[in-house]
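Q: Protein chains in written order, with numbering that gives the first Met the number 0: chain A, 0 to 289; chain B, 0 to 411; chain C, 0 to 353.
Be aware that a few hints might be false.
Claimed, not checked - Simulated restraints, written as ranges between beta carbons of each label pair: (1) A:255 to B:409: 35 to 41 angstroms; (2) C:197 to B:410: 41 to 47 angstroms; (3) A:177 to C:121: 40 to 46 angstroms; (4) C:155 to B:328: 44 to 50 angstroms; (5) A:91 to C:120: 46 to 52 angstroms; (6) B:263 to A:4: 28 to 34 angstroms; (7) B:62 to C:38: 24 to 30 angstroms; (8) B:215 to C:113: 39 to 45 angstroms; (9) C:102 to A:154: 55 to 61 angstroms; (10) A:4 to C:121: 38 to 44 angstroms.
As the list claims (entries may be wrong) - Covered stretches of chain A (in silico footprint by chain B; criterion: 3 or more residues with CB under 8 angstroms from a CB of chain B, positions within the stretch not fixed): (11) 5 to 18; (12) 154 to 163.
As the list claims (entries may be wrong) - To spell it out: a stretch of chain C is covered by chain A in this simulated footprint if at least three of its residues, at any positions, have a beta carbon under 8 angstroms from a beta carbon of chain A; those stretches are: (13) 139 to 153; (14) 275 to 281; (15) 319 to 327.
These are computed hints drawn from the structure, not numbers from a lab.
A quick note: this is a predicted structure, and the numbers were derived from the prediction, not measured.
Glycine residues also receive a C-beta, built at the ideal position from the N, C-alpha and C atoms.
These are the residues of each chain, in order.
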Amino acid sequence: MDIATLAFSALYQFGDAFAFLVLSACGLAVIFGMMGVINLAHGEFIMCGAYVTAATVHAGLPLPLGILCGTLASAFVGVLVELLVIRHLYERPLDTIVATWGLSLIATQGTLILVGSTMAGVGTPFGSFQVGAYSYSIYRIVLFVAALAVLAALYALFNWTRFGVLARATIQVPHMAAALGVDTRLIYSLTFACGAGLAGLAGGLYAPTMTLVPTMGATFIMEAFVTVVIGGADVFLGTAPAGGILAIVKSGMTSWQGQLFGQIGLLIAVIIVVRVLPKGISGFVLRERT
Amino acid sequence: MTRSGLRGLRAAALTGTLVLASGAFAAENPIKLGVLEDQSGDFAAATIGKVHAIQLAAEEINKAGGIMGRPLELVTYDTQSDNTRYQEFMRRVLQRDKVDVVFAGFSSASREAYRPIVDQFNGFAFYNNQYEGGVCDGHMVVTGAVPEQQFSTLIPYMMQTYGKKVYTLAADYNFGQISAEWVRKIVKENGGEMAGEEFIPLGVSQFSQSIQNIQKAKPDFVVTLLVGTAQASYYEQAASANVNLPMASSVNVGQGYEHKRFKPPSLKDMYVTTNYIEEIDTPKSKEFLAKFKAKFPNEPYVNQEAENSYLALYLYKQMVERAKSTNRDEIRKVIAMGDVCMEAPEGKVCIDPKSQHMSHTIYLAKVGADHSISFPKVWEDIKPYWLGEAGCDLTKKDPMAQYTPSNPPPKP
Amino acid sequence: MTGLVSLFRRLEGPQTLGRGPAFWALFALVLAGALAYPLFSDGYTVGNTVYFFVWVFIALSLSLIWGYGGSLSFGQTAFFGIAGYGYGILTINFGAAYGFTWIALLLAIGMAALVAALLGYFMFFGRIAGVFLGIVTLAVTLMLERFMAQTAGPEWRIGAARLNGFNGMSAMPPLTIPWFGGPIPLFADVGLYYVVLAMLVLVYLGLRILMNSSFGNVIVAIRENPERAEMLGYDIRKYQLITFVIGAALAGLSGVLYTVWGQYITPSSMGMTAASLPLIWVAVGGRSDLTATVIGTLVVLSGFQALTIYGSQYALVFMGVLLVLTVLIAPNGLVLGVIKGITKLVTRRKQEAA
Numbered sequence: 000m001d002i003a004t005l006a007f008s009a010l011y012q013f014g015d016a017f018a019f020l021v022l023s024a025c026g027l028a029v030i031f032g033m034m035g036v037i038n039l040a041h042g043e044f045i046m047c048g049a050y051v052t053a054a055t056v057h058a059g060l061p062l063p064l065g066i067l068c069g070t071l072a073s074a075f076v077g078v079l080v081e082l083l084v085i086r087h088l089y090e091r092p093l094d095t096i097v098a099t100w101g102l103s104l105i106a107t108q109g110t111l112i113l114v115g116s117t118m119a120g121v122g123t124p125f126g127s128f129q130v131g132a133y134s135y136s137i138y139r140i141v142l143f144v145a146a147l148a149v150l151a152a153l154y155a156l157f158n159w160t161r162f163g164v165l166a167r168a169t170i171q172v173p174h175m176a177a178a179l180g181v182d183t184r185l186i187y188s189l190t191f192a193c194g195a196g197l198a199g200l201a202g203g204l205y206a207p208t209m210t211l212v213p214t215m216g217a218t219f220i221m222e223a224f225v226t227v228v229i230g231g232a233d234v235f236l237g238t239a240p241a242g243g244i245l246a247i248v249k250s251g252m253t254s255w256q257g258q259l260f261g262q263i264g265l266l267i268a269v270i271i272v273v274r275v276l277p278k279g280i281s282g283f284v285l286r287e288r289t
Numbered sequence: 000m001t002r003s004g005l006r007g008l009r010a011a012a013l014t015g016t017l018v019l020a021s022g023a024f025a026a027e028n029p030i031k032l033g034v035l036e037d038q039s040g041d042f043a044a045a046t047i048g049k050v051h052a053i054q055l056a057a058e059e060i061n062k063a064g065g066i067m068g069r070p071l072e073l074v075t076y077d078t079q080s081d082n083t084r085y086q087e088f089m090r091r092v093l094q095r096d097k098v099d100v101v102f103a104g105f106s107s108a109s110r111e112a113y114r115p116i117v118d119q120f121n122g123f124a125f126y127n128n129q130y131e132g133g134v135c136d137g138h139m140v141v142t143g144a145v146p147e148q149q150f151s152t153l154i155p156y157m158m159q160t161y162g163k164k165v166y167t168l169a170a171d172y173n174f175g176q177i178s179a180e181w182v183r184k185i186v187k188e189n190g191g192e193m194a195g196e197e198f199i200p201l202g203v204s205q206f207s208q209s210i211q212n213i214q215k216a217k218p219d220f221v222v223t224l225l226v227g228t229a230q231a232s233y234y235e236q237a238a239s240a241n242v243n244l245p246m247a248s249s250v251n252v253g254q255g256y257e258h259k260r261f262k263p264p265s266l267k268d269m270y271v272t273t274n275y276i277e278e279i280d281t282p283k284s285k286e287f288l289a290k291f292k293a294k295f296p297n298e299p300y301v302n303q304e305a306e307n308s309y310l311a312l313y314l315y316k317q318m319v320e321r322a323k324s325t326n327r328d329e330i331r332k333v334i335a336m337g338d339v340c341m342e343a344p345e346g347k348v349c350i351d352p353k354s355q356h357m358s359h360t361i362y363l364a365k366v367g368a369d370h371s372i373s374f375p376k377v378w379e380d381i382k383p384y385w386l387g388e389a390g391c392d393l394t395k396k397d398p399m400a401q402y403t404p405s406n407p408p409p410k411p
Numbered sequence: 000m001t002g003l004v005s006l007f008r009r010l011e012g013p014q015t016l017g018r019g020p021a022f023w024a025l026f027a028l029v030l031a032g033a034l035a036y037p038l039f040s041d042g043y044t045v046g047n048t049v050y051f052f053v054w055v056f057i058a059l060s061l062s063l064i065w066g067y068g069g070s071l072s073f074g075q076t077a078f079f080g081i082a083g084y085g086y087g088i089l090t091i092n093f094g095a096a097y098g099f100t101w102i103a104l105l106l107a108i109g110m111a112a113l114v115a116a117l118l119g120y121f122m123f124f125g126r127i128a129g130v131f132l133g134i135v136t137l138a139v140t141l142m143l144e145r146f147m148a149q150t151a152g153p154e155w156r157i158g159a160a161r162l163n164g165f166n167g168m169s170a171m172p173p174l175t176i177p178w179f180g181g182p183i184p185l186f187a188d189v190g191l192y193y194v195v196l197a198m199l200v201l202v203y204l205g206l207r208i209l210m211n212s213s214f215g216n217v218i219v220a221i222r223e224n225p226e227r228a229e230m231l232g233y234d235i236r237k238y239q240l241i242t243f244v245i246g247a248a249l250a251g252l253s254g255v256l257y258t259v260w261g262q263y264i265t266p267s268s269m270g271m272t273a274a275s276l277p278l279i280w281v282a283v284g285g286r287s288d289l290t291a292t293v294i295g296t297l298v299v300l301s302g303f304q305a306l307t308i309y310g311s312q313y314a315l316v317f318m319g320v321l322l323v324l325t326v327l328i329a330p331n332g333l334v335l336g337v338i339k340g341i342t343k344l345v346t347r348r349k350q351e352a353a
């Protein structure tokens with residue numbers, strides 16, 4: 000087997016792990032990383048995106064439009080949840096654990112009652128391609144590209160647009176922003192919706208590749224939390240490098256010793272990173288910068 | 000929305016304590032049957048059908064006059080796919096509700112969680128689920144299929160049809176590891192070789208690396224022993240990476256009806272040995288399916304565990320009527336005679352007195368490119384032979400333990 | 000003598016709710032009720048109450064570390080599991096004779112405390128705090144869960160005890176009192192009930208004394224403002240470490256009692272769901288007080304069990320709704336909210352009367 004094939008396979012595995020970590024984590028990076036809401040219902044926002052995507056595709060829409068619907072539906076649910084529950088809890092972020100855990104119970108069991116225990120899959124588009132002895136799924140490359148695109152879009156959103164600047168200002172010093180005439184309530188709502196929408200996007204993107212069941216969100220949640228936590232508070236400076244580091248560890252350990260060690264390696268990497276950089280990666284980067 | 004709302008209401012009315020009464024035996028003292036199954040949580044997709052099957056059988060039996068003239072009363076609890084709920088409710092049905100028999104459990108962990116409690120309170124439990132085998136416990140009757148029944152049929156067929164290089168992809172816990180051990184043993188006995196073996200932790204849903212490992216090993220077919228809804232994602236991902244190898248399994252299709260849930264052709268060329276699935280085309284099976292769909296028109300699929308649960312109730316009826324008692328020791332005397340058999344929807348089944356496991360008709364189901372099912376082969380009367388041969392004999396001694404091929408019963 | 004008196008004085012203080020004769024009279028009444036009620040009840044109810052009590056210890060451990068100490072530990076279940084498996088391994092190997100089960104109980108708790116000491120040193124002396132602490136402890140418990148889940152094979156054994164993977168370890172002997180007429184095994188019934196009740200009362204009173212001592216005051220000072228506590232000359236890392244170890248020992252006690260209760264322990268006891276549940280109980284009751292934690296945990300556990308029994312498939316939805324409403328309506332926890340509401344009402348009445 001020649002070097003190029005091996006290199007491509009390693010790169011593909013890395014990209015695959017990276018896409019999964021980053022797409023799982025992006026929504027949480029906004030809601031938890033930026034806003035400090037410990038969102039245990041993150042997996043259920045992902046599930047919501049996946050379900051709506053699958054339902055719209057079954058109804059005849061093409062997949063990209065279905066994913067868009069899934070994203071928007073999650074964002075809409077996010078607005079509702081923010082309005083009804085989260086809005087009252089910004090002063091006491093630890094209580095969001097209980098509230099979002101409750102929401103996640105309602106969402107999983109509610110989905111089971113209303114939609115049934117499973118939903119038919121939609122099938123993965125695009126087929127496969129061959130490199131050396133291995134064949135690969137093209138859709139996985141799409142996922143990797145999507146992860147990069149989401150990161151770029153987030154960077155642009157929070158650094159170059161008026162909303163992004165206002166959002167960062169509001170979340171850092173809310174009363175100052177309010178004094179300057181910013182509608183902080185609206186900003187909070189929109190930011191939360193943005194995070195929920197990103198979770199829905201992850202669900203929509205992964206919907207064609209996974210089993211659709213009410214508890215499917217649970218498979219994302221651990222990866223999402225560890226990526227966000229070791230990334231730290233800054234969405235772009237934290238999530239991207241954290242996803243990169245963890246993806247290297249995870250894909251490396253998995254191909255070397257199997258899936259169990261991939262998972263255990265991921266957890267050990269988290270402990271080490273937190274020990275070395277107690278403020279997360281973005282905390283470290285920002286401190287170096289100043 | 001309205002329809003599902005109605006379904007919800009009706010299901011709500013059916014759960015909880017429920018006497019399927021018909022005035023005839025109002026005075027009679029009912030026989031109580033505890034039902035502990037996961038109606039919510041991770042396993043719900045595969046187990047709601049079991050509860051429905053028990054309700055169907057109970058209704059039929061009560062309409063036909065009950066058991067020895069006594070009506071059957073169901074005491075149902077939702078165990079929420081949570082081991083601790085099994086512990087709580089097994090104590091409840093045995094101590095508070097004082098049931099005569101319990102039908103309980105989907106995952107092996109849940110069975111092991113409640114088994115010490117059944118043993119302690121001297122209860123009587125049916126485990127109506129296929130599993131990794133090896134439970135030698137006089138308090139338990141197992142109606143599900145075990146590895147020797149499913150693999151001694153499946154693996155030789157696959158090796159003859161496709162070749163002798165085998166790759167096993169299994170869930171990394173007791174069921175997967177012990178099943179993989181069986182596959183290894185049978186492959187070796189038939190002169191084949193293991194091209195590779197890989198174990199996947201429960202809850203893993205991403206398989207890119209495993210897919211590559213399989214392609215590297217170039218097996219003739221892959222044995223997939225993947226468990227749980229997350230791991231089922233493998234098929235879609237393997238299909239989209241164009242792995243295109245025949246697959247063999249003891250657990251898919253027959254339990255989680257993946258061929259209905261995934262878009263064709265991701266399960267193309269999947270071979271499964273199962274003792275029942277709803278596609279089985281015999282008069283008995285069709286009759287059972289028709290009754291099931293009439294009572295539960297929205298049931299997504301009738302799987303092997305549903306049929307196991309249905310026939311278990313009729314077997315229990317037969318045992319009680321022959322023993323003329325619901326006392327476990329009396330019932331076990333009947334089992335020890337070795338002729339507790341019945342014509343089930345799958346065909347004839349009998350209870351093996353040594354292990355209190357069940358012989359089955361094993362169907363080889365093949366999934367086509369359009370996810371239709373065909374049955375290239377059927378084996379009748381496949382016995383759960385391993386426990387008895389290994390030295391478990393419940394008619395003589397009750398060790399109340401679970402054994403595995405690498406940890407067999409101690410030799411006397 | 001004076002030492003003892005001052006110790007008992009610490010039963011009341013600024014860090015714990017409830018003082019004065021009225022409170023202690025109520026306490027005595029509740030205790031008497033708890034002591035008497037098995038006489039009027041059946042085996043199931045008593046065994047089920049033991050089961051609820053078992054979880055109170057892990058809730059108290061979290062109240063100590065999180066509520067009083069301000070460090071969110073998401074991984075108390077790690078110590079729960081270590082002690083549970085420890086008890087199983089020890090008793091399966093050495094049996095239950097000569098009261099060994101009690102030594103095994105202590106050794107198992109010791110194991111959990113030792114692991115906590117190492118992990119705590121690593122975290123607190125590495126200045127890990129806040130949500131990072133939560134994620135490290137969560138990572139530890141999940142790692143243990145994943146590892147134990149794959150130990151099904153016969154090679155995973157310690158002496159005579161097979162770890163037995165995801166299916167869990169069973170067949171360990173229950174706590175056994177050596178007695179002249181033959182040992183008395185404590186199954187989940189009246190016997191175990193009184194033992195666990197005694198432990199619960201001792202732990203509850205002991206924690207009250209600890210929290211109202213100068214140690215407890217420092218712990219709370221650290222929660223309120225770590226920098227200030229440090230400026231006042233306290234080595235906060237040591238205090239946090241000691242709290243963490245005590246908490247781990249309590250979680251370990253919970254784990255051993257759970258194992259004893261059902262003669263079964265499984266890796267799922269250290270999983271994600273199991274790890275979040277104690278947080279829910281403690282937060283619903285009111286995490287910053289011991290009494291509220293005890294009452295809250297018992298209320299949530301029995302309430303959720305009742306919902307599961309009578310709520311059919313809607314049980315989980317109801318639970319979710321209740322949790323959300325609790326957080327919105329009672330910001331300090333349900334029990335604390337109710338107690339404060341009652342106190343307010345009473346004082347207002349008094350003022351009006353005056």
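Q: Are the hints correct? Go through all of them and say.
A: Verification of the supplied hints:
For the hinted restraint 35 to 41 angstroms between residue 255 of chain A and residue 409 of chain B, the CB-CB distance of approximately 39 angstroms keeps it satisfied. Against the hinted window of 41 to 47 angstroms, the Cβ-Cβ separation of residue 197 of chain C and residue 410 of chain B comes to about 45 angstroms, which satisfies the hint. A hinted range of 40 to 46 angstroms for the beta carbons of residue 177 of chain A and residue 121 of chain C is consistent with their spacing of about 41 angstroms. For the pair residue 155 of chain C and residue 328 of chain B, the supplied restraint of 44 to 50 angstroms is violated, since their beta-carbon distance comes to about 36 angstroms.
Between residue 91 of chain A and residue 120 of chain C the beta carbons are some 30 angstroms apart, a value that contradicts the proposed interval 46 to 52 angstroms. Roughly 31 angstroms separates the CB atoms of residue 263 of chain B and residue 4 of chain A, a value that falls within the hinted 28 to 34 angstroms. For residue 62 of chain B and residue 38 of chain C, the hinted distance range of 24 to 30 angstroms is not satisfied, since their beta carbons lie about 45 angstroms from each other. Checked against the hint of 39 to 45 angstroms, the pair residue 215 of chain B and residue 113 of chain C passes, with Cβ atoms roughly 43 angstroms apart.
Evaluation of the 55 to 61 angstroms hint for residue 102 of chain C and residue 154 of chain A yields a pass: the beta carbon distance comes to about 60 angstroms. The hinted range of 38 to 44 angstroms is satisfied by residue 4 of chain A and residue 121 of chain C, whose Cβ atoms lie roughly 42 angstroms apart. Counting residues of the region 5 to 18 of chain A whose CB falls under 8 angstroms from any CB of chain B gives 5; the rule of at least 3 is met. For a cut-off of 8 angstroms, the count of residues in the region 154 to 163 of chain A with a CB near a CB of chain B stands at 0, and the three-residue condition is violated.
Judged by the Cβ-Cβ criterion of 8 angstroms, the region 139 to 153 of chain C is covered by chain A as claimed, because 6 of its residues qualify and three suffice. Check result for the region 275 to 281 of chain C against chain A: holds, 3 residues qualifying (beta carbon to beta carbon below 8 angstroms, three or more required). Given as covered by chain A, the region 319 to 327 of chain C passes the check, having 8 residues with a CB less than 8 angstroms from a CB of that chain where 3 are the minimum.
Hints 4, 5, 7, 12, counting from the list given before, are not met by this structure.
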